[in-house]
Amino acid sequence: MPITVSMTVNGKAVSASVEERTLLVQYLRDHLGLTGTHVGCDTSQCGACVVHVNGRSAKSCTMLTAQAEGADVLTIEGLAKNGKLHPMQEAFRENHGLQCGFCTPGMVMSALDLVKNNPNPSESDIRHYLEGNICRCTGYHNIIKSIAAGAKAMGGR
Amino acid sequence: MVENGIGARTKRKEDARFLTGKGTYTDDINRPHQTHGVFVRSPHAHARIKKIKADKALKAPGVIAVLTGADMVADKVNSLPCGWLIHSKDGSPMVEPPHIPLAPDKARHVGDHVALVVAETRNQARDAAELVEVDYEPLKAVVRVGDADKPGAPLVHDQAKNNICYDWHLGDKAAVDEAFKKAAHVTKLDLINSRLIPNAIEPRSAIAEYDSANERYTLYTASQNPHVIRLLMGAFVLGIPEHKLRVVSPDVGGGFGSKIPHYAEEAILTWASKKVGRPIKWTAERSESFLSDTHGRDHVSHVELALDKDGKFLGLRVATKAAMGAYLSTFASAIPTYLYGTLLAGVYTTPAVYVEVKALFTHTAPVDALRGAGRPEACYLLERLVERAAWETKTDPVELRRKNVIPKSAMPYQTPVALQYDCGDFVKNLDDAAKAIGWASFANRREESKKRGMLRGIGVSHYIEACGIAPSAVVGALGGRAGLYESAEVRFHPTGSVTVFTGSHPHGQSNETTFAQIVASKLGVPIENVEIVHGDTDRVPFGMGTYGSRSIAVGGSALVKAIDKVIAKGKKIAAHQLEASEADIEFKDGVFRVAGTDKQKAIGEIALSAYVPHNFPHETTEPGLDESAFYDPKNFTFPSGCHICELEVDPDTGKVAILRFVAVDDFGNIINPMIVEGQVHGGVTHGIGQALTEACVYDAESGQLLTGSMMDYCMPKADDVPSFEVATNVVPCTHNPLGVKGCGEAGTIGSAAAVINALLSALAPLGVKEFDMPASSHRVWQAIQNASRKAAD
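As you go down the protein sequences, you meet chains Z and R in turn.
Going letter by letter, the first sequence gives residues 1 to 157 in my numbering.
Going letter by letter, the second sequence gives residues 1 to 793 in my numbering.
One or more of the hints may lead you astray.
To be verified - 27 Å max Cα-Cα, derived BS3-like pairs, lysine-lysine:
1. R/188 x R/790
2. R/11 x Z/152
3. R/50 x R/106
4. R/182 x R/140
5. R/450 x R/428
6. R/451 x R/408
7. R/11 x Z/84
8. R/22 x Z/152
9. R/561 x Z/145
10. Z/81 x R/561
11. R/403 x R/428
12. R/11 x Z/145
13. R/588 x R/599
14. R/106 x R/53
15. Z/145 x R/655
16. Z/145 x R/22
17. R/275 x R/76
18. R/150 x R/182
19. Z/116 x R/22
20. R/394 x R/790
21. Z/84 x R/22
22. R/22 x R/56
23. R/790 x Z/81
24. Z/12 x R/22
Stated by the list, open to error - Taking CB as the label site, the calculated pair distances span:
25. R/653 x Z/19: 41 to 51 Å
26. Z/123 x R/214: 49 to 59 Å
27. Z/3 x R/137: 52 to 62 Å
28. Z/72 x R/564: 48 to 58 Å
29. R/769 x Z/118: 37 to 47 Å
30. Z/19 x R/213: 29 to 39 Å
31. Z/119 x R/764: 51 to 61 Å
32. Z/16 x R/93: 51 to 61 Å
33. R/443 x Z/123: 20 to 30 Å
34. Z/123 x R/17: 22 to 32 Å
35. Z/123 x R/589: 38 to 48 Å
36. R/130 x Z/118: 24 to 34 Å
37. R/120 x Z/3: 13 to 23 Å
38. Z/119 x R/650: 57 to 67 Å
These are computed hints drawn from the structure, not numbers from a lab.
Glycine included, C-beta positions come from ideal geometry on N, C-alpha and C.
Throw the hints in and build the complete structure from the sequences for me.
What follows is the structure, encoded as structure tokens:
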């Protein structure tokens with residue numbers, strides 16, 4: 001049975017009729033065309049699908065669209081403003097924190113969640129916090145540098 | 001000097017789209033009227049397919065077709081080919097069993113393709129796949145490579161007796177036997193190189209469509225080498241000529257070797273798209289990736305090293321069993337032979353080396369390239385062995401290596417296993433790494449750890465690899481069925497911007513930036529005005545793709561050749577316009593100048609006049625400024641380096657913590673140090689993954705994959721690795737125009753042995769001498785318990 005869902009995604013009100021079993025990531029990718037959020041593992045280890053739901057990071061491959069009814073959802077596409085990268089995106093660029101780019105949207109969204117909770121994270125804080133995000137390319141070295149630099153640039157916001 | 005040229009730490013051109021979610025990976029693409037495909041896969045490692053009943057599935061909502069192996073046979077679809085013919089010791093060719101993409105008669109590994117269900121939506125196809133009834137007759141399976149050639153082992157293919165694909169050897173057996181007779185000491189080791197699952201974070205994905213108006217197919221596929229897929233699938237499997245088949249590999253989310261092969265899914269979808277008359281899209285679920293992506297490594301080896309009384313290596317003897325899995329994947333046969341056996345001299349002067357490799361079929365996923373492909377196996381084996389020899393002869397491991405390392409003065413150096421190293425400074429790699437980690441003061445640090453109840457260890461790995469594959473004539477002589485050159489086209493546009501079409505295919509390697517830096521350096525065009533196009537057989541002239549760390553060494557060299565042609569033509573045009581002799585025209589930083597004068601023309605002006613040829617040397621020169629080149633390498637390139645790992649083991653829990661990891665690498669000249677460092681970080685982490693956390697486990701009886709998801713297969717996470725200390729030692733390659741060697745795999749090749757040698761160094765005081773990867777806490781703890789039990793006996 002299709003159901004109707006309504007929510008705010010990247011500041012825009014959206015509404016659609018979807019199959020009940022539709023995952024949030026499928027809704028974002030297939031219905032809204034927001035393909036920056038990726039599916040890497042289906043079992044919530046890799047974190048390529050991380051978005052923010054009501055200000056908290058969530059794995060959109062492990063959440064039904066219906067669970068986001070009425071929620072405020074932020075995806076990687078909603079970060080840059082007026083063509084200017086968010087300081088965390090800029091820090092990833094500046095520090096070569098990405099290679100193939102597939103895990104990157106989830107990494108950036110997780111990084112922002114970390115900084116929200118811990119504005120000045122240490123290297124060990126960052127490494128520990130990323131336990132739900134896997135990168136196969138960078139060996140994490142430059143992701144850690146990127147997040148530390150991004151946190152600094154955000155000034156504890 | 002141009003900005004952002006060769007050597008600059010230029011920020012990446014590709015980042016803006018990836019960071020804003022605007023990358024285009026295959027699964028991000030949707031085609032008009034597309035359908036969705038889901039594969040029915042075998043739940044058995046080995047079973048006869050007696051009957052497939054699809055009537056229920058066909059009646060399910062949205063279902064368009066259910067296709068099986070019988071349909072493929074009826075359409076005379078051919079087998080997936082193997083790209084490299086290896087001959088056995090006795091001169092016979094390897095056994096190449098048929099591999100029809102949809103299994104027509106038997107399933108040979110869990111996850112083997114049995115049927116394709118096509119439906120309007122992915123969920124409908126998935127639901128209907130559950131309704132396809134396959135009547136299997138389960139048969140006994142052989143799973144472990146060590147068991148595959150035992151008498152009575154179940155056969156994977158009837159034509160491969162004792163499951164042997166080939167029984168290959170390399171080197172001078174008599175000379176090695178002689179060396180062992182003279183030995184003062186022989187070190188012996190049995191080693192397992194664990195089977196790994198690549199796990200690029202982007203799952204494989206493909207969309208196939210058939211355009212009946214033009215009788216033309218298009219395949220979008222997450223591949224490292226779209227032209228190779230077009231050639232293999234078009235010419236060998238489906239009989240589609242090149243001009244009727246376009247293969248597009250857009251942004252690809254990591255490959256690590258697993259996206260080199262031509263896969264069954266690509267051929268099945270392309271074939272089915274014509275039958276269905278609509279585009280078909282398929283994206284692997286991660287569980288399918290685990291079951292059907294090619295795996296890596298899976299060697300069992302016995303190895304012996306002969307030393308004289310002074311510790312000089314006299315001879316090396318290696319016997320390896322290498323798994324091929326259930327079918328021969330595209331490059332599978334070349335990996336444990338020409339990318340492994342040929343590397344067994346390592347960085348050492350060992351005068352006699354003999355290696356035997358038995359390649360065996362097992363009822364498991366096919367094995368093919370995985371980051372390093374053969375070379376990590378060679379390095380791991382050699383460096384474990386050398387470390388063991390040092391321990392047995394009570395010699396400092398760095399000292400034993402220094403004693404046996406090929407000196408810089410011996411270059412070029414012909415090894416006893418076919419390769420000729422053109423250059424390298426292995427002693428400096430070793431010395432620099434030992435100095436960086438503080439080798440001499442390790443004992444103090446070990447003491448400090450001991451006071452805290454921790455066991456500290458240090459381990460060296462001194463590697464060389466052969467990449468930039470490869471000279472086509474050499475490859476052909478060794479059984480390679482393709483050339484391994486690369487192509488580039490430089491299209492200089494009328495108003496001064498440049499598009500480069502390259503057959504290299506980046507999927508994390510940053511070619512869009514480094515290739516643009518080469519253009520900036522050589523042609524003086526700002527990188528903002530340079531676009532690098534790749535991954536589309538309709539746009540790029542030809543290509544052999546990206547693997548074996550070949551992009552910069554082979555693709556970059558092709559680019560330089562094409563640039564040189566642009567400059568040569570520009571000189572002709574400039575000479576005409578400046579009324580000078582062509583021989584007097586110099587080109588530097590984007591300007592053609594009459595030598596010794598101030599008469600000059602910027603390359604942009606020359607480009608414009610090439611397309612608006614009013615004042616132009618029409619007698620000798622054609623209009624336009626668009627040049628192509630193919631580059632066939634003269635030799636392999638030989639990156640080398642030394643990795644040293646320092647770690648601590650908690651003896652109560654077996655938990656291993658890597659404290660420091662130093663890598664000193666020689667990649668020849670470096671185009672962008674930032675990118676090279678990133679490749680090393682990632683490569684080292686992949687090797688640390690094998691050493692500490694990763695292992696593919698099949699149930700030895702049933703052949704069920706026990707590590708079939710990221711919940712069971714543990715890839716390194718951010719807190720499993722330290723920040724790395726990396727440095728380079730530049731010895732330019734002598735035979736390509738950029739002096740480059742390649743850097744993508746080195747980290748993985750060197751690192752695993754450094755970690756395990758460090759682990760054994762930490763555990764040595766407890767009497768632990770043997771250890772096979774991975775060093776999970778449980779396995780380390782168990783090794784400690786076993787050793788203490790033995791000591792108590």
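Here is how each hint holds up against the structure:
1. Annotation: proposed proximity of residue 188 of chain R to residue 790 of chain R holds, straight-line Cα distance about 21 Å (limit 27 Å).
2. Of the pairs offered as hints, the one joining residue 11 of chain R and residue 152 of chain Z holds, with about 20 Å between alpha carbons and a cut-off of 27 Å not exceeded.
3. Taken as a hint, the residue 50 of chain R and residue 106 of chain R pair is honoured in the structure, with Cα atoms around 9 Å apart against an allowance of 27 Å.
4. Taking the CA atoms of residue 182 of chain R and residue 140 of chain R, the gap is about 47 Å. The hint is violated against a cut of 27 Å.
5. For the given pair, residue 450 of chain R sits about 32 Å from residue 428 of chain R by alpha-carbon distance, which is inconsistent with the 27 Å threshold.
6. Our distance criterion of 27 Å between C-alpha atoms is broken by residue 451 of chain R and residue 408 of chain R, whose separation comes to about 42 Å.
7. Taking the CA atoms of residue 11 of chain R and residue 84 of chain Z, the gap is about 16 Å. The hint holds against a cut of 27 Å.
8. Note on residue 22 of chain R and residue 152 of chain Z: the hinted pairing holds, with a Cα-Cα distance of about 26 Å set against a maximum of 27 Å.
9. For a cut-off of 27 Å, the pair hint linking residue 561 of chain R to residue 145 of chain Z is broken: about 37 Å separates their Cα positions.
10. About 42 Å separates the Cα atoms of residue 81 of chain Z and residue 561 of chain R, which puts this hinted pair outside 27 Å; it is violated.
11. Proposed proximity of residue 403 of chain R and residue 428 of chain R is supported: the alpha carbons are some 13 Å apart, at most 27 Å.
12. Simply put, residue 11 of chain R and residue 145 of chain Z have alpha-carbon atoms about 15 Å apart, close enough for the 27 Å limit, and the pair holds.
13. Our distance criterion of 27 Å between C-alpha atoms is met by residue 588 of chain R and residue 599 of chain R, whose separation comes to about 13 Å.
14. The straight-line distance between the Cα atoms of residue 106 of chain R and residue 53 of chain R is roughly 16 Å, inside the 27 Å bound, and the hint therefore holds.
15. In summary, the hint linking residue 145 of chain Z to residue 655 of chain R is supported, as the alpha carbons are separated by about 26 Å, within the 27 Å threshold.
16. With a CA separation close to 23 Å, the supplied pair residue 145 of chain Z and residue 22 of chain R stays within the 27 Å bound.
17. Taking the CA atoms of residue 275 of chain R and residue 76 of chain R, the gap is about 14 Å. The hint holds against a cut of 27 Å.
18. Of the pairs offered as hints, the one joining residue 150 of chain R and residue 182 of chain R is violated, with about 34 Å between alpha carbons and a cut-off of 27 Å exceeded.
19. Restraint check for residue 116 of chain Z and residue 22 of chain R: the C-alpha separation of about 25 Å stays at or below 27 Å, so the hint holds.
20. A hinted pair counts as satisfied when its Cα atoms are at most 27 Å apart, and residue 394 of chain R with residue 790 of chain R qualifies at roughly 22 Å.
21. Of the pairs offered as hints, the one joining residue 84 of chain Z and residue 22 of chain R holds, with about 14 Å between alpha carbons and a cut-off of 27 Å not exceeded.
22. In summary, the hint linking residue 22 of chain R to residue 56 of chain R is not supported, as the alpha carbons are separated by about 41 Å, beyond the 27 Å threshold.
23. For the suggested pair residue 790 of chain R and residue 81 of chain Z, the alpha carbons sit about 65 Å apart, so the restraint of at most 27 Å is broken.
24. A distance of roughly 18 Å separates the Cα atoms of residue 12 of chain Z and residue 22 of chain R; the hinted pair therefore holds under the 27 Å criterion.
25. At about 47 Å, the beta-carbon gap between residue 653 of chain R and residue 19 of chain Z stays in the expected band of 41 to 51 Å.
26. For the pair residue 123 of chain Z and residue 214 of chain R, the beta carbons lie near 56 Å from each other, so the given range of 49 to 59 Å is met.
27. The hint said 52 to 62 Å for the Cβ distance between residue 3 of chain Z and residue 137 of chain R, and at roughly 44 Å that hint is violated.
28. Separated by about 56 Å at the C-beta atoms, residue 72 of chain Z and residue 564 of chain R satisfy the suggested range of 48 to 58 Å.
29. The hinted window of 37 to 47 Å between residue 769 of chain R and residue 118 of chain Z holds, with their beta carbons roughly 44 Å apart.
30. Checked against the hint of 29 to 39 Å, the pair residue 19 of chain Z and residue 213 of chain R passes, with Cβ atoms roughly 34 Å apart.
31. Separation of residue 119 of chain Z from residue 764 of chain R is about 45 Å and departs from the stated range, judged on CB atoms against 51 to 61 Å.
32. The hinted range of 51 to 61 Å is satisfied by residue 16 of chain Z and residue 93 of chain R, whose Cβ atoms lie roughly 58 Å apart.
33. For the pair residue 443 of chain R and residue 123 of chain Z, the supplied restraint of 20 to 30 Å holds, since their beta-carbon distance comes to about 28 Å.
34. The beta-carbon spacing between residue 123 of chain Z and residue 17 of chain R, approximately 29 Å, falls within the hinted interval of 22 to 32 Å.
35. Between residue 123 of chain Z and residue 589 of chain R the C-beta distance comes to about 42 Å, which sits within the given range of 38 to 48 Å.
36. One distance hint, 24 to 34 Å for the beta-carbon pair residue 130 of chain R and residue 118 of chain Z, is violated here, with the actual separation near 45 Å.
37. The supplied range of 13 to 23 Å is met by residue 120 of chain R and residue 3 of chain Z, whose beta-carbon atoms lie about 19 Å from each other.
38. Between residue 119 of chain Z and residue 650 of chain R, the C-beta spacing of about 32 Å breaks the proposed range 57 to 67 Å.
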